[in-house]
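Based on these hints, arrange chain B on the given structure of chain A.
Residue numbers (the numbering used here), protein chains in the order written: chain A, 1 to 253; chain B, 1 to 279.
Some hints here could point you the wrong way.
As the list claims (entries may be wrong) - Subject to a maximum C-alpha distance of 25 Å in a straight line, what follows is the list of computed DSS-like cross-link-like pairs (lysine-lysine):
1) A:K3 with A:K85
2) A:K3 with B:K123
3) B:K30 with A:K85
Honestly, the hints are just simulated from the structure, not real lab data.
All figures in this text were calculated on a predicted structure; none of them were measured in a lab.
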Amino acid sequence: MTKHFFGDTAVLLGRSLRHIARSLDTIITTTIMPIAFMLLFVYVFGGAINSGSDSYVNYLLPGILLITIASGISYTAYRLFMDTKSGIFERFQSMPIARSSVLWAHVLTSLVANLISLVVVVLVALLMGFRSGAGVLAWLAVAGILILFTLALTWLAVIAGLSAKSVDGAGAFSYPLIFLPFISSAFVPTATMPGPVRAFAEHQPVTSIVNAIRDLLAQQPVGSDIWIALAWCVGLLVVAYAFAMVVYRRRIS
Amino acid sequence: MTAERTDTQVTADQVQEPAIHVQGLEKSYKNLEVLRGVDFDVARGSIFALLGSNGAGKTTVVNILSTLLQADAGTATVNGFDVATQSADVRESISLTGQFAAVDEILSGRENLVLVARLRHLKDPGKIADDLLERFALTAASARRVATYSGGMRRRLDIAMSLIGNPPVIFLDEPTTGLDPQARIEVWQTVKELAAHGTTVLLTTQDLDEAEQLADRIAILHGGRIIVDDTLAGLKLLLPPAKVEYVEKQPTLEDVFLAIVGDGEVGDAGNDRTFGTDE
Numbered sequence: 001m002t003k004h005f006f007g008d009t010a011v012l013l014g015r016s017l018r019h020i021a022r023s024l025d026t027i028i029t030t031t032i033m034p035i036a037f038m039l040l041f042v043y044v045f046g047g048a049i050n051s052g053s054d055s056y057v058n059y060l061l062p063g064i065l066l067i068t069i070a071s072g073i074s075y076t077a078y079r080l081f082m083d084t085k086s087g088i089f090e091r092f093q094s095m096p097i098a099r100s101s102v103l104w105a106h107v108l109t110s111l112v113a114n115l116i117s118l119v120v121v122v123l124v125a126l127l128m129g130f131r132s133g134a135g136v137l138a139w140l141a142v143a144g145i146l147i148l149f150t151l152a153l154t155w156l157a158v159i160a161g162l163s164a165k166s167v168d169g170a171g172a173f174s175y176p177l178i179f180l181p182f183i184s185s186a187f188v189p190t191a192t193m194p195g196p197v198r199a200f201a202e203h204q205p206v207t208s209i210v211n212a213i214r215d216l217l218a219q220q221p222v223g224s225d226i227w228i229a230l231a232w233c234v235g236l237l238v239v240a241y242a243f244a245m246v247v248y249r250r251r252i253s
Numbered sequence: 001m002t003a004e005r006t007d008t009q010v011t012a013d014q015v016q017e018p019a020i021h022v023q024g025l026e027k028s029y030k031n032l033e034v035l036r037g038v039d040f041d042v043a044r045g046s047i048f049a050l051l052g053s054n055g056a057g058k059t060t061v062v063n064i065l066s067t068l069l070q071a072d073a074g075t076a077t078v079n080g081f082d083v084a085t086q087s088a089d090v091r092e093s094i095s096l097t098g099q100f101a102a103v104d105e106i107l108s109g110r111e112n113l114v115l116v117a118r119l120r121h122l123k124d125p126g127k128i129a130d131d132l133l134e135r136f137a138l139t140a141a142s143a144r145r146v147a148t149y150s151g152g153m154r155r156r157l158d159i160a161m162s163l164i165g166n167p168p169v170i171f172l173d174e175p176t177t178g179l180d181p182q183a184r185i186e187v188w189q190t191v192k193e194l195a196a197h198g199t200t201v202l203l204t205t206q207d208l209d210e211a212e213q214l215a216d217r218i219a220i221l222h223g224g225r226i227i228v229d230d231t232l233a234g235l236k237l238l239l240p241p242a243k244v245e246y247v248e249k250q251p252t253l254e255d256v257f258l259a260i261v262g263d264g265e266v267g268d269a270g271n272d273r274t275f276g277t278d279e
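Excised from the complex, chain B in its bound form:
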C-alpha cells in the first residue's frame, strides 16, 4: 500500500495532517442557515461518508471544499491548502464528481476524457483516455456520443474523468443516485480501489447502505452541524447491544434482481455485463 501511495505526490509534512480539515464552517443562503459550524477531519487514504437527508447541506460542504462556493465563516483545508486563500492549489489537488454526471453529451466518451487530460496539462492525453476507457469497460462505446450512453455508463465516464491526473483527494457527491443496482456496485468497487491506491475519498450520500459498504468513517450532517462522526463499529455502539434473534432470511428484491440478471457467471448475461446493463 505504501509503495502505491508515492504516486499521489504526498510530502512528509502533509502525511502528518489530515487530507481534509474542516472547522467551524458556516454558510447561509439569504435567510436560510444551511451550515452552522461544521467540523470534521478526513484521514489520508480513507473513505469518509457525509450522510444526511435532502437539503442537509452536503452539497454545500462539497462545493466549499472544491472552491466553488465561499464559506461565511470557518476554515477548511484540503491537502494542506486553505480553500479560501490557496484555492488554485486546492484545485490542483482535487477532483469533483458532482451530483449529476457532468459530462459533455455532444462529445464522445473518449473526447471527454481527452478534454479533461488536456485541461490538466498532461502528456499523452490519448493514452490516458484509452487506459481509462479500458478500465471502465467503455472501450466499445468510446467513439459514440455520450448522449447515447445509459445512466450507468455516464456515471462511469464521469468518475473516469475525475481520476485523470491522479488527484490525491476526490469528492463524490451522491455518486450512485439514480443508478441501477449493478451500476451501483460497479461504482462502489471503483471507490474501494481508489482508496486502496491511497486516494482520499469524501462521498456524500443519503443511502445508508452505501455508507455502510464503503466508508471508513461516517459523519451525519443534520441541522447544519455534524451530530455524529465515527466508524461504523463506533456508531453501532451508540445503540443498545445487539440481541440474537432467529429470523427467516428472505432474499431482498435486489438479491433476486442480481441473481437473475447474473453477476458475470451465466454465459450470455456475462457478455452482456460489459454493455448490456448500459443500453
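Next up, chain A with everything else stripped away, as it sits in the complex:
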C-alpha cells in the first residue's frame, strides 16, 4: 500500500492546508501570545533586565520563536482530535490508502502553519528593532533547528491529538511547553538564577536551542550549544515519533 504514500499524503495535505487557509485565525491566535510576550518583555521588563546584549529584542527573539512553535502545535493536536471525533479519521482508515499518510499530512500541515507564524513573529520583531547581520548559511541553520524543533513538538501533538478525550485535553498539553522557555536562557541569563533553578535551566533543551540560534543570528561562534541543541531536537523527535506510532497503532487495530 506504500505505492500511494506520497500521492495520498499530498491529497490530504491539500485538505488540511485548506482548513488553515479558511481559518486564518488559527495562525493569528498562534502569533498573538508570543508577540504579546515580546512587547511586554521589550517595552516593560526589558529596561530592567541586564542581558549583556546591546539590543534586548535581539536577545529575546530566539525564545519567542520557540514559544511560537509551542503554541502553534496545539492546533495540530486540535485538528487531529477533531478528525478522530468527527469520524473522518475512521473513514480514511477504512479506505484503500496508505494509512499513515493521514498522520503525515497533519505533520506537514503543522510545519507549514508554524513556518508562517514564525515569519509573522520575525516581521514584528523587525518592526521592534530586531536586526541581524547573519548570512544565508546562518539563517538556513536557524531555519533547520526551528524545523527540527517543530517536527519534534508536532509528533508530541500527534500523541495528544490521538489520545485526548476532549478538545481542551487536546490543547492543554502545550501549556508546559509554552512556559518552558521562561526557565531557560530565553529571557534572562541563567547565571542570575539560584542553584537548582539554574541547574534545571542549563540542562533543559530550550537553553541550548536558544543559545545556538542567538549565536547564529549574532554572528558569534556557536560552540557546543548547536550540537547539544541538535541532539535534543533529534532525540525528542525520535522518542515522540515512536510513542506517537504506538498510540496510532493501538488506535487503528
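The following block gives chain B in isolation, referenced to the frame of chain A:
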C-alpha cells in the same frame, strides 16, 4: 440486473461465495465481552440488516469487517478477502458510512467528494463529484461549506462519498439515526437502488421499521450472539399465525407529517423538497 452487476468487478469464483462471511467472531473490551461468537453470511447483492439495541455490538461488528478493529477470535471475510490477513484488499472492496456523518465540515460538499475520489485514485474526480451531487440533489449547495448543511444533507453527502469507486460492499452503520422522516425515506430509496445495482449492503439499525422496509435478511444481535437470522417472512413465522382483526386505521403522525409537508406533489412544497427540508 446481471448486466449491471458486471461493473462491480466480481469474478466467477467470488460469485459462488457470500459477499460477507462471519464465523465465531469474538471481541472483548477489557472485561466486557461484546461479541461471543457471531456467525452470519451475507449473499451478494442483498441487503442485510443487523438489528440490536444500543450497546449490542453492532458497530463493533462493522468496525471489525471494515478493518478498523481486530477480532479476538473467529474469522471474517469480505468480498472473499480475510479481514485480518488481507486487510488492504478488504479496504479496496468496501465503503464505510459510520454512525455519525463523517464529512469534512470546513470543505464544501464538492470538495469532500473530490477528496474521496482522489484518495481512491480515480480518474476525473471532478466529474465523479458533479455526477454524485446531481444524483443526491446537492448541486445547488455544492460550493457551500458542509458546516452549513442540515442533518439530511450531510447524510446524503456521507452516503455519496461512500459510493465513489463503486465498492462491491457497503457498510451503513445506523444510516438514518437523527434524520427527519423525509430524509430517512430518501436514504432508504438510495439503499434500495444500491442493492438493485448489485451492491451488497450491510446495515445496522435499531429501527425495526427500517429493517422491515429494506432488508432481504434480518439478523438480531443480542447478548453477543446472533439469536435469529432469517427473512422477514421467516421471522414472522416465529410467532403464532396472524389473526384477522378489524381495527380502525388511524393515520400515524408520520403519515400526517408527510402529507402536510408534501411528497413532491404540491407546487411550492415540491420545489422545496430538494432543499427545503434541508435548511
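The hints, checked one at a time:
For the given pair, K3 (chain A) sits about 28 Å from K85 (chain A) by alpha-carbon distance, which is inconsistent with the 25 Å threshold. Between the alpha carbons of K3 (chain A) and K123 (chain B) the distance comes to roughly 17 Å, so the proposed pair stays at or under 25 Å and holds. Taking the CA atoms of K30 (chain B) and K85 (chain A), the gap is near 22 Å; set against the 25 Å cutoff, the hint holds.
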